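Number of protein chains: 2
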Amino acid sequence: MTDLILALDVKEKERALAVASACAPHLDAIKVGYPLVLASGLAIARELDPLGIPLIADFKVADIPATNRLICEEVFAAGFEGVIAHGFTGSDAVQACVETAHEHGGKCYIVAEMSHPGAIEFIQVVAERIALLAIQCDADGIIAPATRPERIGKLRAIVGSKLIYAPGVGTQGGEMEKVAPLVDGVIVGRTIYEAPDPAAAARTLAIIRR
Amino acid sequence: MTDLILALDVKEKERALAVASACAPHLDAIKVGYPLVLASGLAIARELDPLGIPLIADFKVADIPATNRLICEEVFAAGFEGVIAHGFTGSDAVQACVETAHEHGGKCYIVAEMSHPGAIEFIQVVAERIALLAIQCDADGIIAPATRPERIGKLRAIVGSKLIYAPGVGTQGGEMEKVAPLVDGVIVGRTIYEAPDPAAAARTLAIIRR
Chain D
1270 MTDLILALDV
1280 KEKERALAVA
1290 SACAPHLDAI
1300 KVGYPLVLAS
1310 GLAIARELDP
1320 LGIPLIADFK
1330 VADIPATNRL
1340 ICEEVFAAGF
1350 EGVIAHGFTG
1360 SDAVQACVET
1370 AHEHGGKCYI
1380 VAEMSHPGAI
1390 EFIQVVAERI
1400 ALLAIQCDAD
1410 GIIAPATRPE
1420 RIGKLRAIVG
1430 SKLIYAPGVG
1440 TQGGEMEKVA
1450 PLVDGVIVGR
1460 TIYEAPDPAA
1470 AARTLAIIRR
Chain S
1270 MTDLILALDV
1280 KEKERALAVA
1290 SACAPHLDAI
1300 KVGYPLVLAS
1310 GLAIARELDP
1320 LGIPLIADFK
1330 VADIPATNRL
1340 ICEEVFAAGF
1350 EGVIAHGFTG
1360 SDAVQACVET
1370 AHEHGGKCYI
1380 VAEMSHPGAI
1390 EFIQVVAERI
1400 ALLAIQCDAD
1410 GIIAPATRPE
1420 RIGKLRAIVG
1430 SKLIYAPGVG
1440 TQGGEMEKVA
1450 PLVDGVIVGR
1460 TIYEAPDPAA
1470 AARTLAIIRR
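The listed protein sequences derive, respectively, from chains D and S. The first sequence begins at 1270 in our numbering and counts up by one. The second sequence begins at 1270 in our numbering and counts up by one.
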């Protein structure tokens, strides 16, 4: 079954913890990004830990290799199980993230293509090459846009059985019914955490993705 | 005169504050990245504030527009004067960072090309287009590699009088004497903070860049 991953892009820590706790029974992973971490600190990972759900740091790491390594070391020391890094920065930068993840028993996912309109300007044209780079660097999977399901097929042909996680379902326009069969995990943010009843929204999405 | 900018990529807060304080008389700005912020929190900006030196958050922001906005709001609320964002994410993502910076009276610098070897794989071939995008989006300047001074000339032709800041001097191989005349600011990290006497290293670099 396709994983349901909550993008917990909520800045207020108490609300983030409340949403995560309420939705937990329907989730396979929680993705935490910089807005929450900058507001609450990396210690948010320890506060989410009792939910027993894998935590992915969506930091879209995109620095030089030495700095990427330092960032990833902080991520895994804080208790995350996975990290998301950009591939656009090239093989040495990707390798630094993958190696650091694996040294800590964690996973590293590489952004092959993003979900927003601007991603067609520079990223989409090299997305297949980035996906190939991710495989060559032994990454555990790639990130591909739920907003462009036709692109996921092209990327699947490159990554084979490696994981594909797809953000952009819901508010950004991606449709769960179309995307879920194509990928290993669907990432949903605002459609869950901005719903009047986040737990009910997560439950509904968990049923649809089956 | 070309600015001397310290890349304060030191993870331990006390050491970071000590290095910054010792070097302050020779610096025009301090660049703070994620390794220090993840270890110490965004509040590091308030602790560096008494030095009276402009602080630039080198977060290489590279997310979708809505998330870029949230990240930049955190940056300027914390007291930074500038933020560094990636340009390969496209015009909407860049615009979100520039607008948020300017709404807070801050500055936004766009990475046109990076200094590490992997940057030649995907970034260098579109660096001129990214520099043009930065100008079109009203960014305050670009980041260009001190490790490849021949590239800086090409990017200067595009950005005109907009600021160019160049990382990669010292440990990464860039030479101060060659790079300083070409740019508005030279960014130096390890050559200063890993020196036996960081203040002396900063003073020497400050003299050379004249």
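Note that these hints are calculated values from the structure, not bench results. This structure is a prediction, so every number in the text was calculated from the model and none was measured. It is possible that part of the hints are untrue.
[Claimed, not checked] Derived Cβ-Cβ restraints for the label pairs, each shown as a range:
hint: 1; chain 1: D; residue 1: I1404; chain 2: S; residue 2: G1442; range: 26 to 34 Å
hint: 2; chain 1: S; residue 1: H1371; chain 2: D; residue 2: P1294; range: 18 to 26 Å
hint: 3; chain 1: S; residue 1: E1283; chain 2: D; residue 2: M1270; range: 45 to 53 Å
hint: 4; chain 1: S; residue 1: S1430; chain 2: D; residue 2: R1472; range: 26 to 34 Å
We treat Cβ as the ideally placed atom computed from N, Cα and C, and that holds for glycine.
Which numbered hints turn out to be false for this structure? When the structure is compared with the hints, numbers 2, 4 turn out to be violated.
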